[in-house]
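Novice: One letter stands for each residue in the lines below.
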Amino acid sequence: MANITELREALAANLATIPGLRTAATIPDNPSPPIAVVQLNRVQYHQDFKRGMTEYDFSIQVIVGRVDERTAQRRLDAYCSSDGESAIGLAVESDRTLGGKAFDCIVTEMTNYGSVLISDVTYLAAEFNVRVLAN
Amino acid sequence: MPKQVLTDVVVQLNGTAISQNVNSVELTTTADAIETTSFGDAGWRTYAGGLKSGSVTLSLHNDYAATALDSVIYNLFNTVATVTIFPAGTPAGTSRPKYEFAALVDNVAPVSGAVGDLAVQNLTWTITGAVTRGTTA
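Chain order of the listed sequences is D and E. Going letter by letter, the first sequence gives residues 70 to 204 in this note's numbering. Going letter by letter, the second sequence gives residues 13 to 149 in this note's numbering.
Honestly, the hints are just simulated from the structure, not real lab data. C-beta atoms are modelled at their ideal positions from N, C-alpha and C, and glycine is treated no differently. Any given hint could turn out to be false.
Unchecked claim - Derived, one-sided and incomplete: chain D residues facing chain E with beta-carbon distance under 8 Å:
no.: 1; residue: HIS115
no.: 2; residue: ASP117
no.: 3; residue: PHE118
no.: 4; residue: LYS119
no.: 5; residue: MET122
no.: 6; residue: THR177
Kindly produce the complete structure, drawing on both the sequences and the hints.
Specialist: Right, here's the structure in full:
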């Protein structure tokens, strides 16, 4: 059986290959941007008989500081791109077995690009949905 | 259990369990309805059971690793394979029946899916010969 904590940590490790991006395998109280926070949204059990596969839906919230709006958006755009050294999708899928802890994983979409309020501070953020198949 | 959720179904192909790559299984048997209607049946059609046949439908999650599911299935194409299904798990017993039969592997689908989809094979094979229901291991 896959260990959810290990899956989180493996996703964070893949994200850490992006230069300058902090990562958090758990949700921090006071994030220090730019940071990618791994969150678990849904687990679908019994995708095969005999617990052959479980499907995990993670979201990765990427938060950047909004001191300079234009700079913040350019930085977030780079994270959302499908190519380049800052691309979240490429980083997550750089090791699709997550160190051998999963069968496969794929970044399916980016949603919720916009401002978020965390501890009375406004940041710019985007969410990436990641589908992880493991047992 | 008076009612049961299918979670531990065991599917064996030529004696090898493939359950952990099986998402869905359906075994269907039918018998021909041979009409025996005659005068004196008060206007109602009557039938007798004729030849029996069956099919098995499997939804599989593919695995392309060496000696894994894809190679197993593909190498069985156009051959007859022994399929055993334990709906309530193994070993077979009075409340855990097993269904065993030979199936003609007359179709395989090594690749099926769009970009981003899980690799699957949805197959229906024709049963050749009898389907037996056993309650002993």
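Novice: Decide, hint by hint, whether the structure agrees.
Specialist: Quick rundown of the hints versus the structure:
| no. | hint | verdict |
| --- | --- | --- |
| 1 | HIS115 | holds, 5 Å |
| 2 | ASP117 | holds, 5 Å |
| 3 | PHE118 | holds, 4 Å |
| 4 | LYS119 | holds, 4 Å |
| 5 | MET122 | holds, 6 Å |
| 6 | THR177 | holds, 6 Å |
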